[in-house]
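Based on the hints, put chain B in the right spot on chain A.
Chains A and B, in that order, are what the protein sequence lines are. Throughout, the numbering used here is defined as the position within the first sequence, counted from one, plus 4. Throughout, the numbering used here is defined as the position within the second sequence, counted from one, plus 712.
Be a bit skeptical, because a hint or two may be false.
[Claimed, not checked] Label pairs and their calculated CB-CB ranges: (1) B:Gly1321 - A:Asp81: 37 to 43 Å; (2) B:Ala872 - A:Glu116: 45 to 51 Å; (3) B:Leu1129 - A:Gly55: 55 to 61 Å.
These are computed hints drawn from the structure, not numbers from a lab. We treat Cβ as the ideally placed atom computed from N, Cα and C, and that holds for glycine.
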Amino acid sequence: MRLTVNGTPREVDPSRAPTLLAALRDQLNLTGSKLGCDHGECGACTVRLDGDLVYACLTLTAACEDARVETVEGLADGNTLHPLQQAFITHDAAQCGYCTPGQLLAAAALLEHNPHPTNDEIRAAMSGNLCRCGTYPKIVTAIRAVADTPADAPADTP
Amino acid sequence: MSNAHGDDRGRNDRDSKAARFVQTTVEVEGRTETRVVELPAFEPAPWTADTPLSIVGTSPPRVDAFEKVTGRARYTADIVRPGMLHAVIVRAPIAKGTLAAIDLDGARAMPGVREVMGPGDAPPATRLFRPDVSYAGQPLAAVCAESLDEAERAASHLAASLAFAVAPHAVTVDDAIAPDAPAVRPEGNTTAPDIVERGDVARGLADADVTLTREYRTQVALHSALEPHGAVCEWNGDHLTVWESTQGIFRVRSDVARALGVPQSKVRVLKDYIGGAFGAKNGAGAHTYAAALFARTLGAPVRCVNDRRAEQTDSGNRPATVQRVTIAARRDGTLTALVLDALIPLGISGWEGGPAQIFHELYACPNVRTAETCVYINAGGMQAFRGPGYVEGAFALESAMNALARQLEIDPVALRLKNLATRDERANREFSGNRLDECYAEGAKRFGWSSAVRRPPSAVSRVQRGYGMSAQTWPTGGGPPSYADVRINSDGSIDVLAGTQDLGTGARTILAQIAAEALGARLDTVHAVIGDTERLPYTGNSWGSMTTPSVGPAVRMAAEDAKAQLLEAAAQLFDTPVESLTTGASQVVSRAAPSNPLVSFADLCRKLGNVQIVGHGSRGPNPELAVVTVGAQFAEVEVDVETGVVRVLRIVAVHDGGRIINPALAESQLHGGIIQGLGYALFEERHIDRVLGVPLTVNLHDYKVPTMSDIPVIDASFLDGADPAANHVGARGIAEPPIIPTAPAIAAAVADALGVEMLELPLTPWRVLGALAR
Chain A
5 MRLTVNGTPR
15 EVDPSRAPTL
25 LAALRDQLNL
35 TGSKLGCDHG
45 ECGACTVRLD
55 GDLVYACLTL
65 TAACEDARVE
75 TVEGLADGNT
85 LHPLQQAFIT
95 HDAAQCGYCT
105 PGQLLAAAAL
115 LEHNPHPTND
125 EIRAAMSGNL
135 CRCGTYPKIV
145 TAIRAVADTP
155 ADAPADTP
Chain B
713 MSNAHGDDRG
723 RNDRDSKAAR
733 FVQTTVEVEG
743 RTETRVVELP
753 AFEPAPWTAD
763 TPLSIVGTSP
773 PRVDAFEKVT
783 GRARYTADIV
793 RPGMLHAVIV
803 RAPIAKGTLA
813 AIDLDGARAM
823 PGVREVMGPG
833 DAPPATRLFR
843 PDVSYAGQPL
853 AAVCAESLDE
863 AERAASHLAA
873 SLAFAVAPHA
883 VTVDDAIAPD
893 APAVRPEGNT
903 TAPDIVERGD
913 VARGLADADV
923 TLTREYRTQV
933 ALHSALEPHG
943 AVCEWNGDHL
953 TVWESTQGIF
963 RVRSDVARAL
973 GVPQSKVRVL
983 KDYIGGAFGA
993 KNGAGAHTYA
1003 AALFARTLGA
1013 PVRCVNDRRA
1023 EQTDSGNRPA
1033 TVQRVTIAAR
1043 RDGTLTALVL
1053 DALIPLGISG
1063 WEGGPAQIFH
1073 ELYACPNVRT
1083 AETCVYINAG
1093 GMQAFRGPGY
1103 VEGAFALESA
1113 MNALARQLEI
1123 DPVALRLKNL
1133 ATRDERANRE
1143 FSGNRLDECY
1153 AEGAKRFGWS
1163 SAVRRPPSAV
1173 SRVQRGYGMS
1183 AQTWPTGGGP
1193 PSYADVRINS
1203 DGSIDVLAGT
1213 QDLGTGARTI
1223 LAQIAAEALG
1233 ARLDTVHAVI
1243 GDTERLPYTG
1253 NSWGSMTTPS
1263 VGPAVRMAAE
1273 DAKAQLLEAA
1283 AQLFDTPVES
1293 LTTGASQVVS
1303 RAAPSNPLVS
1313 FADLCRKLGN
1323 VQIVGHGSRG
1333 PNPELAVVTV
1343 GAQFAEVEVD
1353 VETGVVRVLR
1363 IVAVHDGGRI
1373 INPALAESQL
1383 HGGIIQGLGY
1393 ALFEERHIDR
1403 VLGVPLTVNL
1413 HDYKVPTMSD
1423 IPVIDASFLD
1433 GADPAANHVG
1443 ARGIAEPPII
1453 PTAPAIAAAV
1463 ADALGVEMLE
1473 LPLTPWRVLG
1483 ALAR
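One chain only, chain A, in its complex shape:
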């Protein structure tokens, strides 16, 4: 079965990898997307499917034929980091780093749909991605740094 992952056509076998997450991790060795709960609760496996955010652990591989999948491995342009990746580094928005790939994809999708989100819009859009280390305030800071948030947003609101 064919699908496009980070711009490259790839072959996967849905009979050996029932979920998109298993296909990415076990068949394509793209281990940036993580398994945290296997139930669509934590968001560590968040990837983009034809532009939409999905939990790869709940997405059937067989339903992804000819689809366009983007993972954290596809965010950077060669050695040039995506602005969100650079902002996550600058603002220390990753502690253990396990949820970070999912957070980055959720943030990228948010900014594509809403380039100037308010803090509440950021919180709402990102609330499907858990971070047990409690990096949330710095993730908001990093997203806002990229989002070019209007100056009227309160500076001290996480």
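What follows is chain B alone, placed relative to chain A:
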């Protein structure tokens, strides 16, 4: 630790005496241990608050941030070995009974299955697959197959084949201490009370003008790291390599070596990245042993990673407590007695530590008596969880202090300042440093506390606002043994070698900063290598907020040793006295003209060819002082009195942790502690069905951890300064302290909003409404 150099060549306080062994005390997770340790060959002069430092105390980005944001960081479950097999553990669905039937042969015949283990198939030291069940989630069998899918199918078959002779269980503290309680353990369901007393409590109670007694209850909380426990095991002949998601590589090595009966030299434990731990990943577990045993039998690498249900069932927890507190004071607020009687239902196992210690340490009360009784119940065993004991104890102690302040009509901050501990009365010793009074003052100022407590009564409305605060202490001295080497390569680049772990705390980064500072090297030339028992010097587990104060001084000493050797070589090359030389920005410079570098590290090392400079460092014994990190937090909340929903609007936190190596990373630790404390205050709670004995909160939907939508405005900081009396880096531990005061501060704010005390955590809507109905 041998070193060929004399003591007169420009080293800090260097001493040529041979190493000798002395006794020291070390506090781990609040427990004091006496150890015999090696005295280092020399101890560098302490970095005081006035020492000019250029790398330590700044906030460069994490050295491993690039790997984390690109998805290249490899966690245990990302390890793939050629021919790797997959193991799944089958767990008990009942709380108590005896396994009567299991279809191991049926599972063995299933597609892809390579091996199955059940009762009697694992060495006794692993404690695996015992047929006598004492909690739901206990491992009963394991299956190993060519794919995870096939292993899971066979595990489902095994689970469906289980039959038991079921016995009565007790999964609540009340059931376990009832007169007719079923025997949870043959030794009995409770421990003898651990009683610790100072002064004369009866006298203190008699001297009091006010005495309050309350019963506080706290819940079971689950660590819920996003990366489950897991291991990949591979044998090469009689040599075992273990990739493990752990806080303690050397502890995993000794656990595995002991359980499997192999020498430690034949076991290599590797840990690169870990997806959270919080106290639950301190040694080998069922997954490690299952993977190692299957790998040995089958001659192939095996991966075994917990699923989320196992993670929320059998991977440790913060135990519940029932704490009966009596607090007594004079009318002016001076404490005269503190009394705690605590029941701690540990689960089926766990170390017998509870909430008492903070009662002895936080205040200067002359008369304190605590009694802790641990209770065994048929549930997964406890494991240390960020600030163990102190988090639970702080809720009771600080809630009682806030109740006392209300009763006496004294500002809660003033009440605490009145009873400020000026020395460690529990252990009868001075503090290395303790600026809690400044934390109160700075926190109150940043929060606007004085106007918050003096505000006029709010109008009657559905949403009520409230303010509360709490304090915290935590022993954070760290200690020996910890060793480190610093190696200068032939191009002048530097490797820091220490067998420690970075849990996401930033240990890699801060150890590199300390080495760069001590060596006078540029940070970008320093590479911290951690997480390998075979190639790196020993350090202890990354627990008890110990890594910075334990490993940091060892790294600094190794770097100072390497620097001295480098300068000796430069002195020979330039035919100049070594005392006239020092280093800065990866250059050797003359002390007389520091702006004119003599030679770069790179050029000097090239001239030396393949002469390898290796500095050795070890952590010296602790001072005879109490080393604590302290702090105060202030909370503002809104409570909807019709729904009982609490929303935390703002937390201000000010802590004193000695020298802060990297302020940005330290701030992240404050955020993490506060946010976990918020979850503990408002919604995190493990539920077990009392009748069936099975846990109900086995996923991250039913067990509620904070999401981004729950996060208040957080203003969190450390006081500037250093604690050179604690160790020569001047740093204390900081990761656990910030979780300790958050829940009592929030509970106090809710009590302030409603005018009703909160006696039980978490503050779920129905508990808040129940308190309002009282």
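Could you tell me which of the numbered hints above are not met by this structure, giving the numbers in increasing order?
none
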